[in-house]
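Trainee: Here the protein sequences line up with chains R and C, keeping their order. In this text, residue positions in the first sequence follow my numbering: the first is 1, and each later residue adds one. In this text, residue positions in the second sequence follow my numbering: the first is 1, and each later residue adds one.
If you are wondering where the hints come from, they were derived from the structure by calculation, not from laboratory data. Some hints could be false.
Each computed PhoX-like pair below joins lysine-lysine, with the alpha-carbon atoms no more than 25 Å apart [to be verified]:
hint, chain 1, residue 1, chain 2, residue 2
1, R, Lys171, C, Lys73
2, R, Lys278, R, Lys314
3, C, Lys10, C, Lys73
4, C, Lys10, R, Lys171
5, R, Lys314, R, Lys271
6, R, Lys278, C, Lys73
7, C, Lys73, C, Lys2
8, R, Lys136, R, Lys171
9, C, Lys80, C, Lys2
10, R, Lys314, R, Lys270
11, R, Lys314, C, Lys10
Listing some non-contacts, in silico: residues in chain R with all C-beta distances to chain C over 12 Å [to be verified]:
hint, residue
12, Asp148
13, Gly154
14, Asn155
15, Gly248
16, Thr258
17, Gln260
18, Asp264
19, Gly280
20, Thr284
21, Asn292
22, Thr310
23, Ala311
Over 10 Å on every C-beta distance to chain R, these chain C residues come out as not near it, computed from the model [as the list claims (entries may be wrong)]:
hint, residue
24, Leu20
25, Ile23
26, Pro65
For each residue, glycine too, the CB sits at the ideal point set by N, CA and C.
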Amino acid sequence: MQSASSSAFPEPLLAAMPQLREKLRLGFERKNPALNPGHTVCNSTTALGVSWSVASGTRQSDLMGRFMSPDFSDDDEGPVSIPYYNPSNPQSMNLYSYVRNSPTTHADSDGHDVNVCDNNGQCHQMTNDQYAAAQKAGNGGLNVPTLDQVGMNGNGSGQFNSTAITDSSGKTVGTATYVSDGPTDFYANRNGLNVLANASATVGSVKGVAAFYGASAAGALAVYGAGLTAGAEATTLGDLSSGLTEHGAERLAERGITPQAARDAIEAAKKAGDVVTKMGRYGTPQSVYTANGIRVVVEEAGANAGKIITAFFK
Amino acid sequence: MKITEAVVQKTLDEEDIEGLREIGAPEDEYLHEAQKIVSRLSGSEPTEESLAAVVREVWTASFGPFSGEDIEKRSPVFSKVAHQILNNSR
């Protein structure tokens, strides 16, 4: 499980984050508290002494170990009658079961991740649901691979390759890489799907071909954390190169200079006094910082004030 | 007439619109811009005006956003670059 990174993330994806985060929270609160410590649900006890928890509109009886209302879900077309049905596993038709009646070994975490990275190595991890929804949204002309494309770009046994995110001219501006959550993960095990079904795989929230993902409790917690982080940020897919002009982002990426290395060089140059401010050819002041073997050029005024225009080894 | 990436890059290098080459930037500093310009032409034979518009568009994406004043200041050099590219491609 890779950890969530904090900063740059494509705008169109994050634009959808508030509602996605809410969906993630609601989905998560529905899970077994014992397997997902730290989550919050509304608990109550009836006059008969039966305790139950409410989250996402689905009551879960702590006593009975099952949902008290059908584990339905909606998609774009409305409610899905048997949302997580897997024909190879009849138990999946039971809409009241929690993780197919195997709550001590599985968690219904919705926890399947896609790690989205920009060309500068800044990454952001999101759940499959978040990714799938964001992928369908407008992405400012970017070509973002579908969840299936990302999930199927691997060897079927847990190893995944990066799938490119490109702009309208075909240039790669980032990558999306599927992150397996554990041994029952659909995409990680698609070569052994029948075996997985017979093993009573965990039910996931992604429908269709990915109808029975699995996730470990540990993975679920990590995903939950990633979801909260994602929702708290204001970065976007179009903001892949925050703090840099497009030219700067491309030059740094191609030269293997991370934005952090450039920022470190700026700070070191300031301390050493190795800063030259010059007037650009069109009247915009630029500062040239040289330190740590790197020269960094920063625009000092106008719409790009504070942005790195370029950096190169010196 | 074929406008090649090499011709465009050489022209951009010589003109050094942003003054980055003069402070030590490597030879490939404007490589991506050259590639984008050639890509947008997609084999067509542009006029000087249409080529200047392409240069301006690529430049704004790479180094912008520019204010109206910034664009105005750079406009003559966009035209000059377009003129030189066409001349060097003949």
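Trainee: For each hint, tell me whether it holds in the structure or not.
Mentor: Evaluation of the provided hints:
no.: 1; hint: R:Lys171 with C:Lys73; result: 29 Å, violated
no.: 2; hint: R:Lys278 with R:Lys314; result: 18 Å, holds
no.: 3; hint: C:Lys10 with C:Lys73; result: 22 Å, holds
no.: 4; hint: C:Lys10 with R:Lys171; result: 22 Å, holds
no.: 5; hint: R:Lys314 with R:Lys271; result: 18 Å, holds
no.: 6; hint: R:Lys278 with C:Lys73; result: 18 Å, holds
no.: 7; hint: C:Lys73 with C:Lys2; result: 29 Å, violated
no.: 8; hint: R:Lys136 with R:Lys171; result: 20 Å, holds
no.: 9; hint: C:Lys80 with C:Lys2; result: 18 Å, holds
no.: 10; hint: R:Lys314 with R:Lys270; result: 17 Å, holds
no.: 11; hint: R:Lys314 with C:Lys10; result: 22 Å, holds
no.: 12; hint: Asp148; result: 29 Å, holds
no.: 13; hint: Gly154; result: 30 Å, holds
no.: 14; hint: Asn155; result: 33 Å, holds
no.: 15; hint: Gly248; result: 9 Å, violated
no.: 16; hint: Thr258; result: 18 Å, holds
no.: 17; hint: Gln260; result: 21 Å, holds
no.: 18; hint: Asp264; result: 19 Å, holds
no.: 19; hint: Gly280; result: 6 Å, violated
no.: 20; hint: Thr284; result: 7 Å, violated
no.: 21; hint: Asn292; result: 15 Å, holds
no.: 22; hint: Thr310; result: 6 Å, violated
no.: 23; hint: Ala311; result: 9 Å, violated
no.: 24; hint: Leu20; result: 6 Å, violated
no.: 25; hint: Ile23; result: 6 Å, violated
no.: 26; hint: Pro65; result: 5 Å, violated
Violated hints, in rising order: 1, 7, 15, 19, 20, 22, 23, 24, 25, 26; the structure is consistent with all others.
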